[in-house]
Each structure stands twice: as C-alpha cells, then as structure tokens.
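Q: Residue numbers (full-length UniProt numbering), protein chains in the order written: chain A, 1 to 205; chain B, 1 to 205; chain C, 1 to 205.
Some clues are possibly wrong.
Any copy will do: because identical chains look the same in the list, a pair fits if it lies in one copy or spans two.
To be verified - Result set (SDA-like, lysine to any residue): computed pairs, CA atoms no more than 25 Å apart in a straight line:
1. K91 with C78
2. K91 with E174
3. K91 with V141
4. K91 with V190
5. K91 with G204
6. K91 with R149
7. K91 with P203
8. K91 with P5
It is worth saying that the hints were derived from the structure and are not from the lab.
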Amino acid sequence: MDVLPLGLWLDFLGTFVFAISGALVAVRRGLDIFGILVLSVAAGLAGGMIRDMLLGATPPTALEDPRYLLTALAAGVCVFFGHRLLERLNKPVMVLDALGLGVFAVSGCQKSLLFGLDPLPAILLGVLTAVGGGATRDLLVVEIPRVLREEVYALAATVGATIVVAGTALGLSEVWIAVAGVVAAFGFRVISVWRGWRAPRAPGS
Amino acid sequence: MDVLPLGLWLDFLGTFVFAISGALVAVRRGLDIFGILVLSVAAGLAGGMIRDMLLGATPPTALEDPRYLLTALAAGVCVFFGHRLLERLNKPVMVLDALGLGVFAVSGCQKSLLFGLDPLPAILLGVLTAVGGGATRDLLVVEIPRVLREEVYALAATVGATIVVAGTALGLSEVWIAVAGVVAAFGFRVISVWRGWRAPRAPGS
Amino acid sequence: MDVLPLGLWLDFLGTFVFAISGALVAVRRGLDIFGILVLSVAAGLAGGMIRDMLLGATPPTALEDPRYLLTALAAGVCVFFGHRLLERLNKPVMVLDALGLGVFAVSGCQKSLLFGLDPLPAILLGVLTAVGGGATRDLLVVEIPRVLREEVYALAATVGATIVVAGTALGLSEVWIAVAGVVAAFGFRVISVWRGWRAPRAPGS
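Input sequences plus hints: build the corresponding full structure.
A: Here's what the structure looks like:
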C-alpha cells in the first residue's frame with residue numbers, strides 16, 4: 001500500500017504504540033490475557049480498518065498484511081509482562097503516542113486523497129484514522145473516548161492532515177509532505193501536553 | 001446520488017438537524033469545541049456512512065460530497081455560539097429532528113432498493129440510516145442510545161421506510177413515494193411525541 | 001454463500017441463538033418491543049455484517065438473504081412472549097450459544113480464507129464474526145462486552161478458527177474441517193464453563 005518502506009515501518013510503529021495504549025487500559029481494568037490482546041488489536045488496528053472500510057479498500061491493509069496483527073499482538077504480550085515498567089514510563093509512552101498520531105493522520109489523509117476524496121473529507125478521514133483506534137479502545141471499556149475529553153488531541157491530527165492536503169495541492173513531493181505532516185502533528189501534540197493547552201468551551205456552557 | 005435536487009436539499013437539512021442534536025449533547029456534557037464538532041459530524045453523517053458501507057457504496061456520499069461535512073460542521077459552530085437559544089427552542093428542534101428522521105429513513109430505504117436489497121432488509125437499512133447517527137452520538141458519550149429508550153422513534157422510521165417499499169412495489173413515482181414516506185414518518189413521530197404514545201413492554205418484565 | 005445447506009441452517013441457528021441473547025438483555029433492561037427487536041437484530045447479525053464489511057463482501061449476506069433478518073426478528077418475538085421461560089432455561093441457552101459461537105467462528109474463518117486472507121487475519125476475522133454480535137449487544141446497552149470479561153469465550157472461537165486454518169492448510173475436506181471446528185469450539189466452550197476455567201491476568205495487576 002505505502003510507496004515508502006519508511007512509511008510502512010512508521011505504520012508498524014504507530015500500530016505498536018497504539019496497541020500498547022490499548023493493552024495498558026485492559027490491564028488497568030483487570031482484564032485477562034484475552035481482553036488485553038483484544039484491546040491491543042482494537043486500539044492498534046481499528047483506525048486503519050475504519051478508514052479502509054470507508055474508502056472501500058477492502059480487505060483492509062491491517063488484514064491483508066499479517067504483520068499489522070502480529071505487531072499489535074506483540075505489543076499486548078509486552079504489556080502483559082511489562083506493564084509495571086510501562087506505567088512508569090508514561091512520558092515516553094505519551095511521546096510515542098504523539099508520533100503514532102502523526103503517522104496515522106498523515107497516512108490516512110494521503111490514502112484518502114489517493115482514493116479521490118476532496119480535501120475536507122480527506123482531512124476528516126485522516127483524523128478518523130488517527131483517533132479511531134483510541135476511541136474504539138475507550139468505547140470497549142465503556143469510557144467516553146479520551147479524544148472527546150482530551151482537548152487538543154484531535155487538533156494535532158487535524159494539523160498533520162491539513163499539511164498533507166496543502167502540500168499535495170502545492171504539488172510538493174509525497175515524502176516531504178509526509179515528513180512535514182508527521183513532524184507538525186507530533187510537535188503540536190507534544191507541545192500542547194507540555195504547555196497544557198486547552199480548547200475553548202461553548203460560551204455560557 | 002439523489003435523482004432529485006429536492007432530495008439533496010432535504011438530505012442536507014436532515015444532516016444539519018441531526019448535527020445540531022449531536023452538538024447540543026456535546027455542550028451539555030461540557031465538551032470543548034472539538035468535541036462539539038466531532039459529535040456534530042458523528043450525529044449528522046454516521047447513519048448515511050453506515051448505510052453506504054453496508055451497501056458497498058464506498059466512499060460514502062457523506063465523504064464524496066464535501067457539502068455534507070460542511071453542513072455538519074456549520075451546525076456545530078451554530079450550537080457553539082447559540083446553544084442557549086437552541087436549548088430554549090426544544091420544540092422546533094424536535095420537529096426538525098422528526099423531519100430529519102423521515103428524510104433519512106426514506107432516502108436510506110430508496111438507496112437500498114436501488115442496490116437490489118429485498119424489501120425487509122431495505123426497511124432495516126432505512127431505519128438504520130435514520131437512527132444510526134443518533135445512536136453513534138449517544139454511544140460516544142457512553143449513554144444508552146435514545147432510540148432504544150425513546151420508544152416509538154424507530155417505529156416512525158419504520159413507517160416511512162415501509163411506505164417506500166410498498167409504493168415501489170406498486171410502481172408509484174419515486175417523488176411521490178418519497179413525499180408520502182417523509183410525511184408519514186414525520187407525522188407519526190410528531191403525533192407520537194404530542195400524544196405520549198408508548199410501545200408495549202414484554203409481559204411480566 | 002455457503003456451499004452446504006447444512007452450513008446455511010447452522011448459520012440460521014447461530015443467528016437465532018445470538019438474537020435470543022440480545023433480546024434477553026433488552027428485556028432485563030426493561031426495553032420495549034422495539035428495543036427488544038433492535039437488540040435481537042444487533043446480536044444476531046452484527047458479527048456477520050462486520051465480517052462482510054471488512055471483506056468487502058457487500059451487501060452482507062445478512063442483508064442479501066432476508067431469512068437472516070426474519071430469523072433474528074422471530075427470536076425477538078419469542079423472547080417478548082417467553083422470556084420468563086427462557087430465563088429459567090439458562091443452561092440450554094448457554095449450550096446453544098456455544099454452538100452459535102462455534103458455527104460463526106468456523107463460517108467466518110472459512111469465508112475469510114475464501115477471500116484470500118492469510119491464516120492469522122482469517123482467524124482474527126473468524127473470532128470477530130463469532131464475538132461481534134455479542135459485543136454490539138453489550139455496547140448498545142453501555143456494558144463492557146462480556147467477551148472482554150468472560151475470559152475463555154474468545155479463546156473457544158479461536159480454537160475453532162485455528163482448526164479451520166490448520167485443516168485447510170492440510171487440504172482436508174471443507175465439510176469435515178467445518179464439523180471439527182464447530183465441535184472443538186463448542187466443546188471447549190461448554191467444558192470451560194462447566195469446569196470454571198479462567199485465563200491468566202497480567203502478573204502484578
């Protein structure tokens with residue numbers, strides 16, 4: 001699917017990191033090994049699966065290439081044995097999660113443009129690719145998705161996807177567009193957490 | 001997709017009204033502007049997206065024509081600034097919601113017949129188109145979907161979709177079928193709220 | 001879709017049993033007849049629909065053949081009138097549910113292989129077919145899906161799907177593979193409930 005081996009490896013990294021976040025939620029909820037693996041797979045693969053179902057790119061990449069599933073399962077096994085270590089590493093995990101967010105937003109938006117979507121829907125689908133896994137993870141344990149509460153999370157994905165759309169319209173090289181989009185989304189996310197940025201609420205709510 | 005410009009405008013109206021309902025739920029839950037926009041888009045577009053994914057009509061209309069997304073986002077922005085006014089207008093909002101329900105049930109059922117579904121599955125998919133957005137909205141904030149609790153809501157959609165199936169079997173004109181279906185679903189819904197109709201519960205439950 | 005009439009009838013049986021489980025949850029939650037039918041349809045058909053959307057086999061079998069929908073609705077009507085009897089029959093219902101689990105895991109995995117998926121993703125999709133309906137049922141009433149809590153439920157589906165993959169790799173006859181897979185998943189499930197098997201939790205969680 002991806003033109004770039006780099007893109008593919010970034011995709012696996014994003015899958016791994018998101019799967020880690022799913023497995024950690026499962027451990028915190030006291031689920032057993034199967035619950036942990038289910039949440040790993042859901043958090044790691046659901047975003048891309050939703051994107052591919054909406055684009056009609058079926059079966060989704062995450063099912064056609066078994067390495068995605070293996071990556072998500074490996075993350076679940078790592079968490080099963082190493083969750084105490086990972087819980088203490090919450091800053092590095094957040095940073096990796098921000099990287100996954102950027103990678104998925106960019107690859108989701110690029111694939112949507114490739115399938116002929118207009119800029120605005122392509123941005124939406126990029127954001128959905130980036131936040132869909134985490135939302136599925138939270139909904140499966142009956143929590144309001146963090147993306148709805150944690151303010152500027154979706155905005156970071158929007159920044160990355162918007163750069164992809166703008167760069168493509170300007171005819172820039174796909175590789176540089178991808179790099180710029182990932183860096184922008186990643187940077188925005190990390191800085192927003194570090195500085196505690198918050199988004200406005202409805203006046204009088 | 002729609003043969004009728006009228007149908008298209010009704011579809012936008014339905015999207016707008018459902019998106020309003022999503023945004024109002026987000027404001028009530030104290031979500032920020034992004035949460036409001038996410039729930040607007042989910043409530044306005046999810047029903048049609050689910051329909052199109054099930055029919056294999058991908059990418060869904062709601063992603064192919066950017067006006068759907070713009071309509072849903074506009075509704076979110078209106079609610080962000082005007083939610084206090086809209087909360088007081090709950091009767092007109094209910095009436096518009098009933099119109100959206102009828103429009104989506106009819107257009108969902110017509111599209112399903114066009115894709116070769118049998119009458120019964122076409123009715124199911126019409127109903128799913130009509131109630132899918134609201135169900136997604138409620139599930140995202142971890143509430144039991146109103147359609148499961150608010151009794152005759154799904155029945156109104158079923159009435160509209162059934163008229164489409166019956167009218168099509170009788171070979172009536174598509175326009176008149178659509179008008180009859182929307183009016184029936186709308187009327188049924190408004191009257192059922194006005195008269196407080198309730199559906200039966202299981203004996204002894 | 002199925003090569004075997006036997007397979008088709010088993011599929012209807014699985015649909016019926018899962019729909020029963022959905023309707024019983026609806027009655028317990030005090031939902032009305034429409035809520036009961038919605039949960040019947042969701043629990044009975046969602047697993048296969050998710051499978052078919054992911055495979056790109058649209059419209060899904062459950063919408064193309066109206067007998068699936070009729071089966072699910074019939075189960076809902078049975079529960080509406082007979083829920084007190086069915087609540088007392090919880091052992092036979094559990095046994096039938098185990099049969100449905102095996103049937104759906106096997107047919108989901110066989111269809112995935114037919115669509116060219118690799119063994120590991122085919123097992124995943126078989127399991128998703130088997131547990132998707134129940135998960136949708138639980139999410140609609142805002143409960144953590146039983147499959148995440150009830151330990152070895154997903155494992156029984158995995159056993160059945162793995163036998164399908166192994167048997168297909170060995171070139172055995174499709175019929176015997178299906179029988180072996182269903183019997184293994186069914187047997188594993190029934191024995192695991194009977195003996196109270198539990199899966200390991202993360203060390204120190």
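Q: All hints are to be evaluated individually against the structure, with a verdict given for each.
A: Hints, verified against the model:
1. K91 with C78: Cα proximity of K91 and C78: one copy only (18 Å, versus 38 Å across).
2. K91 with E174: Neither: 31 Å inside a copy, 51 Å across copies.
3. K91 with V141: within (23 Å within a copy, 27 Å between copies)
4. K91 with V190: Within one copy, since 10 Å is at most 25 Å while 44 Å is not.
5. K91 with G204: between (34 Å within a copy, 21 Å between copies)
6. K91 with R149: Answer is within: at 19 Å inside a copy they meet the 25 Å cutoff, but 29 Å across does not.
7. K91 with P203: Result: close only across copies, 23 Å inter versus 33 Å intra.
8. K91 with P5: neither (28 Å within a copy, 53 Å between copies)
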